[in-house]
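Novice: With the hints as extra help, turn the sequences into a complete structure.
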Amino acid sequence: MSERYDGEAERLREELRALGRSLDGPGGPEQSESMVERVLGRILAEELPVPAAGPTGPGARLRAARSWTRARWRSLVAALCGLLTVLTLTPPVRAAVADWFGFGGVEVRYDPSAVPSPGAEVPGCGRSLSLGEAERRAGFAPLVPKALGAPDAVTVSGLPRGRFLVSLCWREQGRTIRLDEFPAHLDVTFVKSVREQPEWLSLGEEDGVPEPVLWFPRPHVLSFWLVDTDGHRFTREERTAGPTLLWPHGGGAGEGVTLRLEGVASKARALEIAEAVEEAGRWPGVPAS
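Residue 159 in the numbering used here sits at position 158 of the sequence shown, with consecutive numbering throughout.
Rather than coming from a laboratory, the hints here were simulated on the basis of the structure. Yeah, the Cβ is synthetic: ideal placement off N, Cα and C, and Gly gets one too. Treat each hint with caution, since some may be false.
[As the list claims (entries may be wrong)] Pair ranges (Cβ atoms, derived):
1. G163 x E200: 29 to 39 Å
2. R137 x S267: 33 to 43 Å
3. R138 x G251: 11 to 21 Å
4. S203 x G120: 30 to 40 Å
5. P119 x S267: 14 to 24 Å
6. A269 x R240: 19 to 29 Å
Specialist: Here it is, written out as structure tokens:
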């Protein structure tokens with residue numbers, strides 16, 4: 002059984018390397034190989050344990066696949082980012098593939114006809130809750146960046162499928178800075194329609210794998226669904242979003258949260274705020290209730 006497993010693992014490695022070599026960037030196969038295989042190597046370099054003897058039915062295989070995915074979720078996301086980098090640099094492939102991709106519950110669509118409204122402002126949070134009440138309603142603790150201090154307002158909104166969106170707002174020099182946080186499930190929560198590709202960045206490292214980050218430098222169209230207070234009627238919202246930083250925090254698929262920071266025009270400062278979230282998690286100066 003061990004020999005068969007080793008053979009399948011080696012075949013998977015070769016197939017992934019072949020995929021990397023087939024994605025030729027502008028510099029040709031050599032550059033494509035060095036870029037993609039370096040990212041894929043983070044997955045391939047991990048020791049794959051030999052499975053212990055046990056149930057071999059469909060249920061057992063499904064549980065094993067889920068366990069493998071959770072354990073390597075960050076590596077898989079990093080590999081996807083590397084592949085998308087090559088795809089967006091290759092015009093023929095870009096036209097076929099890079100017009101759409103998903104990211105932690107956010108769908109990004111390339112749509113030249115999606116014209117954002119000029120002069121749109123970042124919306125405020127409305128009537129505020131305490132952080133403790135927001136945690137109780139949403140089911141997860143809001144993450145507060147130390148770089149911004151205690152939020153001026155905190156709200157919780159209902160999303161489809163019984164999930165919740167936590168929004169934190171700050172007023173700074175007459176402008177609103179807004180941080181939205183929601184469960185990072187694979188199905189879509191927000192849709193961003195953009196006229197140019199976002200910039201792929203990285204944020205720190207956990208387990209040796211950088212966190213993938215998306216930076217949207219230009220205004221774009223943002224659409225999403227909300228649930229009314231009785232929890233039954235869905236309302237589709239659409240508005241113009243300003244420069245936005247998008248990144249995941251903690252856990253694997255379906256276990257962490259996705260954060261979107263809006264209202265900070267400087268990419269460097271947006272990354273600094275995101276780093277503060279990752280380093281501090283929850284701001285200790287704010288009481289939990």
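Novice: It remains to establish, for every hint, whether it holds in the given structure.
Specialist: Status of the hints after comparison with the structure:
1. G163 x E200: 29 to 39 Å: holds, 33 Å
2. R137 x S267: 33 to 43 Å: holds, 34 Å
3. R138 x G251: 11 to 21 Å: holds, 20 Å
4. S203 x G120: 30 to 40 Å: holds, 32 Å
5. P119 x S267: 14 to 24 Å: holds, 21 Å
6. A269 x R240: 19 to 29 Å: Check passed, 26 Å falls within 19 to 29 Å.
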